[in-house]
Amino acid sequence: MQKVLLMGNEAIARGAIEAGVMVATAYPGTPSTEVFSTLADLAPEYGFYAEWSVNEKVALEVAAGAAYTGARAMVSMKQMGLNVASDALMSLAYIGVKGGLVLVVADDPGPQSSQTEQDTRKFAAFAGVPVFDPATPQEAKDMVQAAFELSEKFGLPVILRPTTRVSHVSQDITLGDVKKLERSCHFQRDPRWVILPKLAYKQHIWLDRVQAEVAEEFNDSPFNRLSLKGKAGIVTSGVAYNYVLEACQELKLEPSLLKIGTPYPLPPKPALEMLASCGQVLVIEEQEAVVEDQLIKLAWQNRLGTAISGKHDSYVPREGELSVDKVKTVLISYFNLPRDDMPEMDVAPLPLRAPGLCAGCPHRASFLAFKELMRRDDVVFTGDIGCYTLGAEPPLEMLDTCLCMGAGITLAVGMSKIEPERKHVAFIGDSTFFHSGVPGLIDAVYNNANIVVVVLDNGTTAMTGHQPHPGTARTATGVNGAVLDPGEIARSCGVKFVREVDPYLVSEMKTCAREALEFDGPRFIVARRACVLQADSLRAYSIDAELCTGCELCIKKLGCPAIVKNQVVQISAACAGCGVCARICPSQAICEVV
Amino acid sequence: MLNIVISGVGGQGTLLAARAIAEAAICKGFEVRTSETIGMAQREGSVVSHVRLGHNLNGALIPDHKADILLGFELAETVRAIGKLKPGGVIISNTHRIMPVSVSLGSAGYRSDKMISSLAQATDRLILLDATQAASKAGGYKSANVVLLGVLSGLPELPFHPADLWQAIMQHVSPRTRQINQAAFELGQRIIAENRNTVSG
Ligand SMILES: Cc1ncc(C[n+]2csc(CCOP(=O)(O)OP(=O)(O)O)c2C)c(N)n1
Ligand code: SF4
Numbered sequence: 002m003q004k005v006l007l008m009g010n011e012a013i014a015r016g017a018i019e020a021g022v023m024v025a026t027a028y029p030g031t032p033s034t035e036v037f038s039t040l041a042d043l044a045p046e047y048g049f050y051a052e053w054s055v056n057e058k059v060a061l062e063v064a065a066g067a068a069y070t071g072a073r074a075m076v077s078m079k080q081m082g083l084n085v086a087s088d089a090l091m092s093l094a095y096i097g098v099k100g101g102l103v104l105v106v107a108d109d110p111g112p113q114s115s116q117t118e119q120d121t122r123k124f125a126a127f128a129g130v131p132v133f134d135p136a137t138p139q140e141a142k143d144m145v146q147a148a149f150e151l152s153e154k155f156g157l158p159v160i161l162r163p164t165t166r167v168s169h170v171s172q173d174i175t176l177g178d179v180k181k182l183e184r185s186c187h188f189q190r191d192p193r194w195v196i197l198p199k200l201a202y203k204q205h206i207w208l209d210r211v212q213a214e215v216a217e218e219f220n221d222s223p224f225n226r227l228s229l230k231g232k233a234g235i236v237t238s239g240v241a242y243n244y245v246l247e248a249c250q251e252l253k254l255e256p257s258l259l260k261i262g263t264p265y266p267l268p269p270k271p272a273l274e275m276l277a278s279c280g281q282v283l284v285i286e287e288q289e290a291v292v293e294d295q296l297i298k299l300a301w302q303n304r305l306g307t308a309i310s311g312k313h314d315s316y317v318p319r320e321g322e323l324s325v326d327k328v329k330t331v332l333i334s335y336f337n338l339p340r341d342d343m344p345e346m347d348v349a350p351l352p353l354r355a356p357g358l359c360a361g362c363p364h365r366a367s368f369l370a371f372k373e374l375m376r377r378d379d380v381v382f383t384g385d386i387g388c389y390t391l392g393a394e395p396p397l398e399m400l401d402t403c404l405c406m407g408a409g410i411t412l413a414v415g416m417s418k419i420e421p422e423r424k425h426v427a428f429i430g431d432s433t434f435f436h437s438g439v440p441g442l443i444d445a446v447y448n449n450a451n452i453v454v455v456v457l458d459n460g461t462t463a464m465t466g467h468q469p470h471p472g473t474a475r476t477a478t479g480v481n482g483a484v485l486d487p488g489e490i491a492r493s494c495g496v497k498f499v500r501e502v503d504p505y506l507v508s509e510m511k512t513c514a515r516e517a518l519e520f521d522g523p524r525f526i527v528a529r530r531a532c533v534l535q536a537d538s539l540r541a542y543s544i545d546a547e548l549c550t551g552c553e554l555c556i557k558k559l560g561c562p563a564i565v566k567n568q569v570v571q572i573s574a575a576c577a578g579c580g581v582c583a584r585i586c587p588s589q590a591i592c593e594v595v
Numbered sequence: 030m031l032n033i034v035i036s037g038v039g040g041q042g043t044l045l046a047a048r049a050i051a052e053a054a055i056c057k058g059f060e061v062r063t064s065e066t067i068g069m070a071q072r073e074g075s076v077v078s079h080v081r082l083g084h085n086l087n088g089a090l091i092p093d094h095k096a097d098i099l100l101g102f103e104l105a106e107t108v109r110a111i112g113k114l115k116p117g118g119v120i121i122s123n124t125h126r127i128m129p130v131s132v133s134l135g136s137a138g139y140r141s142d143k144m145i146s147s148l149a150q151a152t153d154r155l156i157l158l159d160a161t162q163a164a165s166k167a168g169g170y171k172s173a174n175v176v177l178l179g180v181l182s183g184l185p186e187l188p189f190h191p192a193d194l195w196q197a198i199m200q201h202v203s204p205r206t207r208q209i210n211q212a213a214f215e216l217g218q219r220i221i222a223e224n225r226n227t228v229s230g
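So the sequences go chain by chain: A and B. The numbering used here numbers the first residue of the first sequence as 2 and each following residue consecutively. The numbering used here numbers the first residue of the second sequence as 30 and each following residue consecutively.
The reader is advised that the hints may include incorrect statements.
Claimed, not checked - Cβ-to-Cβ under 10 Å is the rule here; a few derived chain B residues that face chain A:
#: 1; residue: 148
#: 2; residue: 204
#: 3; residue: 216
To be verified - Some chain B residues flagged as far from chain A (calculated, every beta-carbon gap over 10 Å):
#: 4; residue: 31
#: 5; residue: 45
#: 6; residue: 136
#: 7; residue: 155
#: 8; residue: 195
#: 9; residue: 205
#: 10; residue: 206
#: 11; residue: 207
#: 12; residue: 221
#: 13; residue: 222
Hints were generated in silico from the structure; no laboratory data involved. The beta-carbon is built from N, C-alpha and C at its ideal position, and this holds for glycine as well.
Next comes chain B alone, as it looks inside the complex (with noise of 0.2 Å):
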């Protein structure tokens, strides 16, 4: 069984990427269960998917230190979910940072220097990028998703080849954005090509 966590925050298309990642291991067979954050939480809130693939499944939420991969969407989120990697699990990082209301208004901080050193102290296969100033290049932030989809895909411990993964995003982006998000998806191959050492776990 594999299990992955997905977090972000509303609006960043954290559903996508769990649908993605589903449909394309029932092409190869697998079983899943994807569980989504629906609801209040996708207005500027935190939110979670969880994403299991194997044999013989039961219920789609991951226990805590049960994940193999933490895929996080905004830096603060990945630290919140940090809870649910199993010791030497991946962390796939957007570095890049959303500033909830509470930061502006000076209720509360944002330390991205000691939320990097939590990750870093969690597991030595972390791979952080920003990969919403990536999507930019690739043609609108927006992509940001599919990028870090496209570093999830070069990972070893995924039962499906990147092919497959982009045949299952396209399902769902508009014939408008097929373009930029190609570009965002081989942006997040070549990142993880350049990563192969630190993921080979």
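The shape of chain A in the complex, shown without the other chains (with noise of 0.2 Å):
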């Protein structure tokens, strides 16, 4: 059979085109990202549709549009796209689909680029819709079919949830037949589309019988495997399977082991056999209890007096992301083992190295603009979320707030409103822009409020990976017709200061942010220049070490990372040619390489 290196989105995404998806779209979010760009890469070849969508709730709307006419869609997001996809999501789950619908929903542990550790599993639970949890890419793969048809044996929707862990986990993946459909989707006009209060009740009464008809049907499931050993168990799920395994072979421990891969709603069967067999049992999950409660639940509906023990108290972290070492302690702790400590390595002091913007990031000189143009007090720079959020790392330091997708612009219309007489500046990049600033800069205008949006336009998604959007040339797999301006956006909704700027010309961008500080009213500026990383390279600085005085004014304003002080101040070949520092050399001392 053949094997293939797949990363667990890719291998997702496989998973998608063997179930014979016809419809795929997605707004992009670390770790699901590749689950819909492999999508899009393969979608002319197989025949189907995929779309970027503007945000997470019109990417979910769309799928779920397509699933009404019976077509098989899929939806993939991170896991605070969910929150933006939630409105849709919740009734969706009572009025369901008549096509499968899937949705990919990746969670992020740790977390490693988020702004939450939220587990989608609880949201599943919330909103009644039944969910996968895999350990690995092949399981994640096989599990993408699985969902197909339980979503439409059911008419729900179905999540697949897996973690940063499987998403970006490659594995030699055995790959199985692409099916095409024979299908012919057409809407049927039914009252079941219209949600009024009245349908609303009736189907609720149906969504929470059929809870149980799915818990059921997951009795049977290949993803939920017991094997039955002694009077200790464990209970585990998703990728703590993995580490739950390592440990328990580096422990030599043999527990009873429920390995569950539909975690809600919880299959009763395996539970309540483990749960009738075991004496005690140890439930070791990541993130939330979504496993464990129910286990609690189940124990006291049938009088069972099993000691269950996780979370709640204290054995397993809620915060944070498990691993063998993590599971391993909570053995050792759980079943009494003598600790096996390895003696600590005195290491050299390193330096940190957080993440922060590339060498000649338009980003960068867009702040460096705004730094300098008020005393810092009197100005607050909302932020928000993007490649510019590192914008908040010293020296630059101008991020004074970041909260959630498009919340820049709101922040500042709501501190404006209490402190008049401070200035308020929200920067906001150009792919947040539409997916939910524009609703912001309309509340602006309309509330006539007293700030400056700055759209820090790339021309791409770029803290994702470069993903295209409404404002660039192309969409998902093709041109895009109707390029969108966020200048002629912003105009259209009645701002009438609006500029637009190229960042890496520092004075005109000083002229600009001046005017634009000192005008009334809802100002828009937008910033252009093309990521680094998609950009035509430029042709490098260097320092001339006769001229340079070792004020080190570049380092200490710009923090760019390829300037670098060995003895004496140096451009390293990460230069990226943007001039920015040649610009505000006080000695005219940097000079472009000839």
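Two chains, two frames, a set of hints: combine them into the complex.
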């Protein structure tokens, strides 16, 4: 059988193609992004529709529309994306679908690239939709097929929830055949699609009843496996299963083991067998106590006295990611085993290496222009989410807030109403502007907020790996025939002060910023310059040692990773040629390399 | 099972390295798992890849003190991952330094001498080389990852031949840089040949 190396997200995409997916939608977000980018690359070959949507709510609704007609649809997003899409999801669970609808929602315990560590399994239980929790990329791929079938059998949307260690883990994967679904899809007019309060009540009863039916269905799922050995048992779900296996091997433990691949609704049969045959059970799952809570309820309903441990008695942490080492520590304390600590090594002190803006990043230049115009305390810089969030790091320290996508503009509106004597400047990326910045801008105009909005327009969704968006020349699979311009949008929303400027041109950018700060009402600047990772390469710069006085102003102001100090200040091979340092050097010591 | 930890700075090409090793192993009939750092840390931050080759594998993350090989693309980043190395494991480290902004700003120090002695303390099987300089000689400093893979390919613990690894690398480099990368790989192979005694284990 053919085996290929696939990353978990690629394996999920492959699973969708094998299951005959007809529509794929997404908004990018780590660690989910490659599910859709793989699908987009393969869409022309396999002949299905694929779109990067403007945000996750839109992505889910587009996929749901397709599923209403009977098509199979997959929508992917990161965990916080589901917050944005939740309005649609909650009602969709009541209304249901006709064609299979699978949401891939990738969780980021740790977190490594997120604002929260929320557990999508909990969200699934809240919404009343079934959720699959894969342990490996291969299992994730196999679950896609099962998820589509389940979704069509019960008429419910279904969630597949990989975590970073499935999404970004690569494995040798066995490919299956690609199925072309012979289906004629057609939207059938029916009152069932119109959710009025009366229907909502009826559907709520249906939704509650179907939970038990799905749980029964999961009893025989191959993704749930029970092996009874002794009176002590471990129940585990998702990637934690791998850590439990490896930690038990190392500690030479052979407990009874229940591996759960469908954590909500929990299949009662294997769970009850486990509870009935073990006197004590330890639940090891990453993030929230989803399986544990359902086990406790099941034990209570069945009057079982099994001792259930896990998060509620603090054996297993809720916060952060699990690992073999952490699980070993848990098992050692739970089973009272001798500790096997390795002696601590004395290693050299290491410098912090936090993520930061690239050499030549246009965002750095935009921040610089605003930084020196006023006393820092007289201006609040609200921020948003993207590469530019890294502008919060020293030496720029140019973001005072970061909450969630789109909140930069709206936080500034709120602050400006309370502290009108202060200036408020909201920085927002172009992709974020389209995602959720536009309603905030309209709010600012409608309520005449005295704020400056700066769109940091680098022509891409950079942080998540450079996806296109409505302001770029491309769509997911082709040419964008209707490129949107943030400046035009602002004008048509009624903003009077709208400017466009190239942030690399330091003095022009500063002039523009100064004029904006002096104007009243909502103001809008588009700082437009391509992300250096996507731009044509420019000629690098170097420092003339004769002219350099060693003031280190370039380092202290910019924090550019290409400017380093090795006895003298130098520019490294990482220079991208933006020229911003040359424009601020008081001794004109920095010149283009000829 | 063979466990390899690859550490470096975002943008240095650790992803390609992990992929190439894994693909070479699949061709020889092994199961593989790799785990990558993808996301925010790719912007100038510390990145780590885990690669496991063998049979009946579970998770991709290598526990502490379980790595057979630590392949470091940047000096400080090799030291940062040192807790992963098993006693008697091999360290191959680039001595090239990428100064974090915290160092240029003076809020942190970069003590190369201390870092090198930490590596020497961790194992006798240590190979230090300036892979970035070697890659520049081969035609492009960005091929430092391929120089390091060339060095790795000569270790006795690898279950495949250097040519298998080169085959896998070739799938991922553009035809335009093929020659530079081949020269880089061969330079790496020469360096390991000169260090045979150090790594014989
Ligand atoms: C609701 C939600 N969806 C997705 C993400 C992931 N995400 C982080 S930043 C970002 C977009 C960044 O693009 P842009 O605003 O253009 O800024 P850039 O990175 O290009 O500077 C995304 C999609 C998120 N944090 N929250
Ligand atoms: S990827 Fe682009 S936007 Fe992000 S930090 Fe680098 S240059 Fe700036």
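Tested hints:
1. Because the beta carbon of residue 148(B) sits about 9 Å from the nearest beta carbon in chain A, less than 10 Å, this interface hint is met.
2. Evaluation of the residue 204(B) hint against chain A yields a violated restraint, the C-beta minimum of about 19 Å exceeding 10 Å.
3. A least Cβ separation of about 18 Å between residue 216(B) and chain A goes past the 10 Å threshold, and the interface hint is therefore violated.
4. Taking the minimum C-beta to C-beta distance to chain A, about 15 Å, the non-interface status of residue 31(B) holds against the 10 Å cut.
5. The claim that residue 45(B) is not at the interface with chain A holds, since no C-beta of that chain comes within 10 Å of its own (minimum 12 Å).
6. The non-interface label for residue 136(B) is inconsistent with chain A: the shortest C-beta to C-beta separation is roughly 7 Å, within 10 Å.
7. At the 10 Å boundary, the C-beta of residue 155(B) stays outside the reach of chain A, the nearest C-beta of that chain being 14 Å off.
8. Separation of residue 195(B) from chain A is adequate, the least Cβ-Cβ distance of about 17 Å exceeding the 10 Å criterion.
9. Every beta carbon of chain A lies more than 10 Å from that of residue 205(B), the smallest distance being close to 14 Å; the non-interface claim holds.
10. Under the 10 Å C-beta cut-off, the non-interface status given to residue 206(B) relative to chain A holds; the minimum distance is some 15 Å.
11. Every Cβ of chain A is farther than 10 Å from the Cβ of residue 207(B); the closest lies at roughly 20 Å, confirming the non-interface assignment.
12. Listed as a non-interface residue, residue 221(B) keeps its Cβ farther than 10 Å from every Cβ of chain A; the least gap is roughly 25 Å.
13. The Cβ of residue 222(B) lies farther than 10 Å from every Cβ of chain A, with a closest approach of about 28 Å, so its non-interface assignment holds.
Of the hints listed earlier, those the structure fails to meet are numbers 2, 3, 6, in rising order.
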